[in-house]
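Visitor: In the order they appear, the protein sequences are chains A and B.
First residue of the first sequence: 1, per the UniProt record's numbering; consecutive thereafter.
First residue of the second sequence: 1, per the UniProt record's numbering; consecutive thereafter.
Simulated from the structure, these hints should not be mistaken for lab results.
Beta carbons: idealized from backbone N, C-alpha and C, even for Gly.
A couple of the hints might just be wrong.
With beta-carbon atoms standing in for the labels, derived distance ranges [claimed, not checked]:
| hint | chain 1 | residue 1 | chain 2 | residue 2 | range |
| --- | --- | --- | --- | --- | --- |
| 1 | A | 61 | B | 152 | 57 to 67 Å |
| 2 | A | 12 | B | 135 | 21 to 31 Å |
| 3 | A | 268 | B | 135 | 50 to 60 Å |
| 4 | A | 162 | B | 160 | 51 to 61 Å |
| 5 | B | 135 | A | 304 | 34 to 44 Å |
Taking lysine to aspartate or glutamate and the DMTMM-like style, the derived pairs with C-alpha atoms no more than 25 Å apart in a straight line are [to be verified]:
| hint | chain 1 | residue 1 | chain 2 | residue 2 |
| --- | --- | --- | --- | --- |
| 6 | A | 129 | B | 146 |
| 7 | A | 119 | A | 53 |
| 8 | A | 94 | B | 208 |
| 9 | A | 94 | B | 146 |
| 10 | A | 292 | A | 266 |
| 11 | A | 292 | A | 275 |
| 12 | A | 153 | B | 208 |
Letter by letter, the chains look like this.
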Amino acid sequence: MAEIRVEHLRKAFGDFVAVQGSNFVVRDGEFFVMLGPSGCGKTTTLRMIAGLELPTGGKILLGGEDVTMRRARERDIAFVFQLFALYPHMNVRKNIGFPLLAQGTPGIEIRRRVEETAKLLRIDHLLNKSVSGLAGGDRQRVALGRAIVRRPKCFLMDEPLGTLDTEFRDLMVHELRELHNRIHATTVYVTHDQMEAMSMADKIAVMNHGVIEQFGTPREIYDRPATMFVADFIGSPPMNFLGFGGGLSKGAREIVVQGAKVAVPEVREDIAPADMALGIRPEHIRFDDGSKLRGAIYGTEYLGTTQIVAVETSGGIIKARVPAEIRLNPGDQVGLALSSTRLSLFEKGSGRAVRTAIHDGASQGRAHRG
Amino acid sequence: MSLTSAHSVVAPSAISKRVAGTIIVLYALISIVPLLWIFATSFKTPPDSIAYPPKILFQPSLEGYCNLFSTRTRQTPEYINALGPATDICDETVRKRNMVIAGPSNFMPRFVNSLIIAFGSTFCAVFLGTLSAYGFSRFKVPLADDLLFFILSTRMMPPIAVAIPIYLMYREIGLSDTALGMILLYTAVNVSLAVWLLKGFIDEIPREYEEAAMIDGYTRLQAFWRTVLPQATAGIAATAIFCLIFAWNEYAFAALLTSGTAQTAPPFIPTIIGEGGQDWPAVAAGTTIFLVPILVFTILLRKQLLRGITFGAVRK
């Protein structure tokens, strides 16, 4: 197992820049997820780490060794593809043993390790079956088996659960994380699904347009989004934004939004007057008739324990997550109270988060590169 | 997908099944009758073969096959009577026509030439075609589209249009009437077909397979050999049959460029001359034997051929 270090990694396809100067470190044994919408450069980054694409610039270090220009087979990594890429002309046993065959491992040793791996993944009863008859989850397990049998330096996974049914996917998310906890393999996992990312990752990098918008733990990314893109991409429903104008000065603890004063976490930098946005997670809104921030109920979405309520304010629709018991009718006027310690402030132009008291923890990304 | 779309799968009605069946039977009859006629003629005697009205029922004879494989000389009845008893059925058959077998004919060597040249050129075309198709399919080849079009352009004119220049070139470099020359020529003609067909097949094989193999420690060539080739067998078989049929049946180049040592069966068979005209049973016998290798090859590969022809028609 090894640490993966990516420095100023860049990839251009002609005029199109897929990855523009990524930097991150995946520590030994960490489960790292690259999250972003399709076309954001996450798969390209993964393929460069694997050696399937050569970077236009930058460096990739595996366990301290520079492998930037090395061939895929010389990197000692394993890759799980979205469509699994199980060889249809081989049975399960041969598929799993295929990487060992390349290393010239003796037959008896291959047999032993394939069986050991199959047992670990609970597919030992399928070893002599053809891969074409397998169910989605079992195909996934065979693909994982082929990856772990060789005990590589790290695992790279490209949306490995993308083609599975929702129900299977939840199961596999759990299994993957459990497997990782058992073998502690450095893993880079690419997905566009925030649920997968949040539930599995030790660290997440949120990417957009070839740029890493934020790098941090799932909690940091959810609680302290570095950019409006991250705030909007993570969370379901995503963070609400309320526009306001004017500058901010260091030490400020209050802003004015739609004529109402709103307490915010203490601002830690001076901001020149500009268009700003206040970011509020739906669960950080309460209904309070005393509040000056008001709106009319627009619609509700019942989710069992909670409900999502859309409230039409003068600044647009705001979605709030409130207990399901509250009875609401469309058109009702409500006051909105916001949890002052959990709010985020953004500069609308750059999308960058303003540094406030909530950032008094580690969080890197575009916001900190300036 | 809606039920009315052209791609929807609905059970055919009884009437459409019957119509389709009738059409297939008619087509099969039209295709098979000439072959059956040739097969029947090969077992007729020369007089029966040119009888009018044509004889449907006749006394079968091996004369055509005997004549195909032998050369004969005419002798007086006294000479033939002075010989010992006939050694085999052919001996007996030709003696009835006051002839004796003088030696083997050229048919076997010509047939062997056909085998060597057709299978040799098919192997070369499919081998080169598979590698080039893989290259075109997987790598960024500069001017790939133009190159592919250029390769295809070799098929845009009838072979006979280039026969004279090739004849002159071959005479100059000493490839006239050699098996190597014919293999090279048929390979050149077939490789365009092979590249285009195989590129389609290889495009359909996801590149993740090779990528997985390369990450797992194989070189690109090993990955190609172990993951792409096994999945391309249907396409390769289909391509091989098309190439083989072309090379096996080719007449124009063979007639022009081969005359002796490298002559193939197609230009040879029509030259089988009997006494007092064409020896039709022998020609028919030669044609019947000539059909056998393609028949065997196609039957052996029919599964792959069917899969190959319908490849890509059904999304997996």
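Visitor: Give a verdict on every hint.
Guide: Against the structure, the hints come out as follows:
Checked against the given bound of 57 to 67 Å, the beta carbons of residue 61 (chain A) and residue 152 (chain B), roughly 47 Å apart, lie outside it. At roughly 24 Å, the beta carbons of residue 12 (chain A) and residue 135 (chain B) sit within the given window of 21 to 31 Å. Under the hint 50 to 60 Å, the C-beta atoms of residue 268 (chain A) and residue 135 (chain B), about 58 Å apart, fit the expected range. At about 55 Å, the beta-carbon gap between residue 162 (chain A) and residue 160 (chain B) stays in the expected band of 51 to 61 Å.
Taken as a hint, the range 34 to 44 Å is violated for the pair residue 135 (chain B) and residue 304 (chain A), whose Cβ atoms sit roughly 57 Å apart. A threshold of 25 Å between alpha carbons decides the hint, and for residue 129 (chain A) with residue 146 (chain B) the separation of about 45 Å lies outside it, so the pair is violated. Distance check on the hinted pair: residue 119 (chain A) and residue 53 (chain A) sit about 34 Å apart at the alpha-carbon level, beyond 25 Å; violated. With a C-alpha separation of about 17 Å, the suggested pair residue 94 (chain A) and residue 208 (chain B) falls inside the 25 Å cut-off, and the hint holds.
Distance restraint check for residue 94 (chain A) and residue 146 (chain B): the Cα-Cα separation of roughly 41 Å exceeds the 25 Å cut-off, and the hinted pair is therefore not satisfied. At roughly 21 Å between alpha-carbon atoms, residue 292 (chain A) and residue 266 (chain A) fall within 25 Å of each other, so this suggested pair holds. For the hint pairing residue 292 (chain A) with residue 275 (chain A), the CA-to-CA distance comes to about 22 Å; that is within 25 Å, so the pair holds. Among the hinted pairs, residue 153 (chain A) with residue 208 (chain B) is consistent with the structure: their alpha-carbon atoms are about 20 Å apart, no more than 25 Å.
Comparing the model with each earlier hint shows violations of hints 1, 5, 6, 7, 9; every other hint is respected.
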